[in-house]
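Q: For reference, the chains in residue letters:
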Amino acid sequence: MRSKLDNKENWVSGKVRKSRELVYKLIDINKEIDGTGKTFRLGEKVYFVRELG
Amino acid sequence: MALAVSTLFLFLFILPGITFKRAYLSSVFSRKLKFSGLLDEVFWALFPSIIMHFLSYGLLLLVEGVLQFNFELRPLLDILLKESNYEQWFIPYLYYCTYVIAISFFAGHISRRIVRWLKLDTRFKLFRFSNDWHYLLSGEFLDFPEVPDHHEEVSFKLVNVLTNVGNEQMIYIGELIHFNLSDEGGLENIVLKDAKRRFLKDDLIENRYYEIPGRYITIPYKTIININIRYFYLEEITAIYEKEKMLDPSNH
Chain B
1 MRSKLDNKEN WVSGKVRKSR ELVYKLIDIN KEIDGTGKTF RLGEKVYFVR
51 ELG
Chain V
1001 MALAVSTLFL FLFILPGITF KRAYLSSVFS RKLKFSGLLD EVFWALFPSI
1051 IMHFLSYGLL LLVEGVLQFN FELRPLLDIL LKESNYEQWF IPYLYYCTYV
1101 IAISFFAGHI SRRIVRWLKL DTRFKLFRFS NDWHYLLSGE FLDFPEVPDH
1151 HEEVSFKLVN VLTNVGNEQM IYIGELIHFN LSDEGGLENI VLKDAKRRFL
1201 KDDLIENRYY EIPGRYITIP YKTIININIR YFYLEEITAI YEKEKMLDPS
1251 NH
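Sequence order for the protein chains is B and V. Taking my numbering, I'd label the letters of the first sequence as residues 1 to 53. Taking my numbering, I'd label the letters of the second sequence as residues 1001 to 1252.
With the rest of the complex left out, here is chain B (with noise of 0.2 angstroms):
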């Protein structure tokens, strides 16, 4: 079944407020990300980014 997380129409908009440690993981996996976007973990929280443009 494909996930509702993997419909990037789902997301529009939303402002996270970035931790430092947010700031590093997304620096650190920023080489996967693309358009089509990508869920990760950072503690108890989930995230959801995707390249724009």
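Derived by calculation from the structure, the hints in this document are not laboratory data. Don't take every hint at face value.
[Claimed, not checked] Capping the alpha-carbon separation at 25 angstroms, the derived lysine-lysine pairs in BS3-like fashion look like this:
| id | chain 1 | residue 1 | chain 2 | residue 2 |
| --- | --- | --- | --- | --- |
| 1 | B | K38 | V | K1119 |
| 2 | V | K1157 | B | K38 |
| 3 | V | K1243 | B | K25 |
Small disclaimer: the values here were computed from a predicted structure and weren't measured.
Mind docking chain V on chain B? Use the hints.
A: Just chain V now, with coordinates in the frame of chain B:
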């Protein structure tokens, strides 16, 4: 004498156009006012001037009825065309030009705000302001017709900045949080948050980045060789993720 007065009158006539242009291009992302040739400069001073005179005169006629005063433009224009009665009409002409210049100043600022508000500068090249750095670093670049997505979606801007430090080249990577444009129409500096750095020569070393103790670092543009910028959409989805996990039969 007559030539000097006529020149002064003509200069005052085109001054509203210059004022309009200055006001329109006065924001930081369009401040660069380079000289583009005499003919071009005269045209872009004269053309808005004529429009500003029409606009101002229209406003005067509108206000004339409300404030109960009488204004006649014809005698003033006669001075420009006929060389007579300079002393008599110079002060009224000066008043009139000051009024038109004031209208041009506000019209320039309002026009820029309208262009920005309607996003005409990102949608049409004709309205685009001169400093490309603004569009690139703010993410408004994404609103250009040829680029997918929209800048409202940007929640994280990751930059790789290659810089010259002494005789070595250093790469900074971090979140772009702020930037300053220079008065000359370029970039002054960029501010990164939670940045890491490494020397370019350490390209093949694992865990090559090392952290910078402070949260914010400013990098002057004069040290920058190139900038790689990536725009990300980021959202916390913990609740949705947990809910989906609970509903997914494969988890049981």
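Q: Work down the list of hints and note, for each, if the structure agrees.
A: Quick rundown of the hints versus the structure:
1. For the suggested pair B/K38 and V/K1119, the alpha carbons sit about 31 angstroms apart, so the restraint of at most 25 angstroms is broken.
2. With a C-alpha separation of about 16 angstroms, the suggested pairing of V/K1157 with B/K38 holds against the 25 angstroms cut-off.
3. Proximity of V/K1243 to B/K25 is assessed by CA-CA distance (about 24 angstroms); at most 25 angstroms being required, the pair is judged to hold.
Violated hints amount to a single one, hint 1; each of the other numbered hints is respected by the structure.
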